[in-house]
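Novice: Given next are the chains, with one letter for each unit.
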Amino acid sequence: MGIKLSNVSFAYYVPKSKKKPIRFTLKDVSLNIDSQDEFIGLVGHTGSGKSTLVQLLNVLNLPTSGELDIFGNVIKAKTKVKLKPIRKTVGLVFQFPEYQIFEETVLKDIMFGPKNFGVKDAEKVAREAAEIMGITDLLDRRPFNLSGGQMRKVAIAGILASNPDVLILDEPTAGLDPLAKSEFLDFLKTVNEEYHKSIIIITHDMDVVSKYLKRVLVLKQGELMFDGSKDDLFRNEEIIRDCNLDYPEIVKVLKKLKTKLDVKLDEYQYNVDDAFKEVERVIGTNK
Amino acid sequence: MNGNMILGQYYNANSWIHRLDPRTKLISLFVLMITVFIITNIYILAITLGLIFILIMSSKVPITKFLKSIKIMAALLIFTMLFQVLFNTQGKILATYSFDMKLINIAIIMGLLIIYFLIGKITKKFRMLQFLIIAVLAMYLQTIALPTQSLFTYQINIYDEGLFTALKVLLRIINLIMLSSLLTLTTKPTDLSNGLESLFKPLKHIGLNTSIFAMMISIALRFIPTLINEANRILKAQASRGVDFKEGKLDDKIKQIVSLLIPMFIIAYRRAEDLANAMEARGYIPGAERTSINLLKYHVSDVLVFVVTIIALGASIASTILL
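Respectively, the protein sequence lines represent chains V and R. Just so it is clear: in the first sequence, position 113 is 113 by this note's numbering, and no numbers are missing. Take any residue in the second sequence, count from 1 to its spot, add 1000: that is its number in this note's numbering.
Chain R with its partners taken away, still in its complex shape (with noise of 0.2 Å):
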């Protein structure tokens, strides 16, 4: 409705990354997922960062793009890294925290979620590093000395191995990030559709036919914003009736969402129909061998690419085993 509703995240640029076979980029994809996932040596992780910025350099997409889906990602990273450094008892022991968790700890902890609700109601931005701030004033104010009786006091040990094997998942999953971002980013959907149509085709022989899936992929990719538009119409008409999605009771609420759902179900069927007949109309027959306008076709890149990736693979087994 706004305009800035994109379904995927390809971002058009004309770049050789842009250009490979959807197929080679889904393989070597592949692949290299499972390179990352054999490498075990952080320097070597830490070089395969590196060699993936180049290509995303070399791909011509802004590297903010790369960093938002990163940053969706953010929690579950800071989530992970935490866990490792807390939990991991093995190796060295680095650093000893002792805290001590006194009444007026637990007010101040109350207090400071109490500000952070607050804020939230007059701003929305920074809200995880406004968490954070105060996560960490909330685990300072229990190592310094203050009034009042200790309830309890416990102890953080960080661990060398604890660090090192968070920075190495961190690594892995930003990898991971990146390479699967660089797929998105460079191939259209419908590409990625088509690709997938392709390599799959051998089911063929235990009697699933591909082409239809894609199809529906396709179709059901293609109908998310015009049944966003729909509903968007669906939602002002009801609002004009007097429906508030907002206030009122529970009950009240659920008939205000049928008043949304049944029209909503009602188009997609009619839609549905409509296109099925103007299908069969232009000639689709279900499962029928079809032509299409863009053939994949392998060219020199992309047998270099797979070279590559193969040497790739190759040397992270190499590592691993000889490391």
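Bound conformation, chain V alone (with noise of 0.2 Å):
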């Protein structure tokens, strides 16, 4: 179970000539993802392909060519397979999701999608995923007079209440507050640690990429250059210059005390304990 995808390719416009080339988004790219536990960061320069990616795996485009397997229902070029149980269990939350916002108060708009999808107690979700994402507050407001990030929280409540398997999430930080969010983001750790669903988020912010991530896939140009552990990421010189990567802020500190220190320290620390200890341990042998 889960999701695999094998060879996959996309293009936005075949042409009908066969002898003109086809510009390829995504190009031959394999891989899987776990139903449950997954924490996946996806990252690459603007333009790779991120966003296309994550749209395939919530089908709402159609792979040109390969096989796309989600849970079971397999998914090429050509195959006529009901879309909308794929959508149930696979959630994405559009960047910008604030624009998907239509109903007259908060708590109607958040049962929208639980209620498309056929889920008995419509309300009764949506009430949980409002305290889930602590907006029980705005449910009774009208959705268009709230701020930018009290926004998102509702539209990313919404995809919630529909409790997908796997959750997928397209910049969900951009344009939030540094509270807000490091919040979101300890709640997306809580969700993949106690309800054990996989998570896929979509981020250019390395030090989120540090300090939440397990997995993470790097794209270039439709290509997937990178799949793997953040540290093996990481510790890959090479793929971090060619695909225009940066390193997390810990990690560039050690990194130059390394250099300029001229000491023998492992500068590959994800969080500020972690780094501290391992300072520590260097100052240590060095007295």
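No wet-lab data here; the hints were simulated from the structure. This structure is a prediction, so every number in the text was calculated from the model and none was measured. Any given hint could turn out to be false.
List time: in silico DMTMM-like cross-link candidates among lysine to aspartate or glutamate, alpha-carbon distance up to 20 Å [claimed, not checked]:
(1) V:Lys80 <-> R:Asp1251
(2) V:Lys82 <-> R:Asp1191
(3) V:Lys120 <-> R:Asp1302
Listed next, the stretches of chain V that the computed footprint assigns to chain R, with coverage defined by at least 3 CB atoms under 8 Å from CB atoms of chain R [stated by the list, open to error]:
(4) 55-63
(5) 157-163
(6) 205-212
(7) 257-267
All residues carry an ideal CB built from backbone N, CA and C; glycine is no exception.
Assemble the dimeric complex from its two separately framed chains, guided by the hints.
Specialist: If you want it as structure tokens, here you go:
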């Protein structure tokens, strides 16, 4: 079970005449995503096909070639499968999801998704989702008077309420203030750890990658360049340079310390405590 | 979204028609359309079509682009011709066809229609041709003797005037389509709106400010692709929330359309507000005199085109009076 892509390519526009070259947005992508416990970051330069890939996982786009297997539903270029159940199992939160809000009250808008997917107790699950997102006080408000961050929370609650098995978020922290951002990521972490849901997020922020994520996918011009743990990624200087990626701040600081002080130090630490321990260890040995 | 969304049908090339002042092209088009309407002689209409073809050749726009715009109007052309041929009863009778509608004919027509729709499930190509073949076949089967009782018989007479007028109408419409395509294919939409603005400037004396209208039109045109992109995004966002625009009951569908419309309205309003602020920040004052980076200027070629156009108009008037 889970999601499996085998040699999936995708082009937004396929020219009618066969002579013209097809401009692929995704080229030959193969990867596996487990149905549980994954916490994946999708990184890459702008225009590398990240958003296209997640829309493919939500079957909003169908692959131009290759095969896509989502929880046992095999999807090829011209298969006719009921897409709605697949969309229920894989929830996608768009970049700037506040634009999809349209109902009169926040509660109704959160209920919209579950109702479409035929969830019986739509209001109950909507209230639960609102509680998880911490927006119970907004439920009776009109959604259009909310602030950007609040709107985003409403939109995410709308997806959570449908209770998908895999949750995909397209740049969920863009435009959120630092506190809201770390709160939100902490929340995702709890969802991942307590409810064992697989989560995929698109991000540009290497600090987010280093602090929260388990596995990283790197896309470059539609090709999957890297698929592995964040530690392997940051130790692979070639990939970091080729794909215009950056190091997390902690790694940068430790790298500077290492070169300036010329000490033996493992600079690949991903949170403040580990970094502190490592520095302490080095100082201890140098005394 | 597919990257093939083109607004207007401007074809980029460098010919003397492309370089003409848009005002010249607009006025000439207007005068030449009147000319085409004045001409009643079928041979002169054919000659006009030939002259227009020479213009098309010199415009460096591939002829297929023009044929495409005729293709869009093909249904209209065929129906006007059919009506002329069938219902014009002037002149001599050229031919008479008698038809006999029988029960079996009705059954055959039903069968053919079913086949037509079944083919439509498989392929979407040559639908017009398929339909015409079926129509001709249905008519032909009524002329041969088939078993079963006759329901009613009818006759179709073809008159020479009818054929003539049909041909004349056909030529006239093709002339008009070619002329107007020549304008839209060789002139950028922005140039067109600039030209119109400049042509209607005298309306200022009766209190109409054309520059505002021109600005409104060009902004509206500019934002069509942007809004289509936004609509696609909203469609996808709602689809991932379980909206299915293909299936579902009527009241569900209305609800689903609302889920697209309301966000679109909000986006349009928000964009309008941002654009208004950005324009004011850059010193746009509605109704104030504005200068343009591309000044419209008449050249020698423009004067020549005007002269030729007037000659064409004169010639057409002379031809109708003399012939």
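Novice: Quick one: see if chain R covers the region 55-63 of chain V, three-plus residues with Cβ-Cβ under 8 Å.
Specialist: Contact hint for the region 55-63 of chain V vs chain R: holds, 3 residues under 8 Å.
Novice: Holds or violated: the region 205-212 of chain V covered by chain R, criterion of 3 or more residues with Cβ-Cβ distance under 8 Å?
Specialist: violated (count 0)
Novice: Within 20 Å, alpha carbon to alpha carbon, are Lys80 (chain V) and Asp1251 (chain R)?
Specialist: 25 Å, violated
Novice: Would you mind confirming whether the straight-line C-alpha gap from Lys120 (chain V) to Asp1302 (chain R) stays at or under 20 Å?
Specialist: 72 Å, violated
Novice: Mind taking a look at whether chain R covers the region 157-163 of chain V? Criterion is 3 or more residues with CB to CB distance under 8 Å.
Specialist: Since three or more residues must qualify, the claim that chain R covers the region 157-163 of chain V holds, with 3 doing so at under 8 Å.
Novice: Counting residues of the region 257-267 of chain V whose CB is closer than 8 Å to a CB in chain R, do you get three or more?
Specialist: Violated: only 0 residues of the region 257-267 of chain V have a Cβ under 8 Å from chain R.
Novice: Is Lys82 (chain V) close enough to Asp1191 (chain R), meaning Cα to Cα at most 20 Å?
Specialist: Violated - the C-alpha atoms of Asp1191 (chain R) and Lys82 (chain V) are around 48 Å apart, more than 20 Å.
The structure is inconsistent with the numbered hints 1, 2, 3, 6, 7, although it conforms to all the rest.
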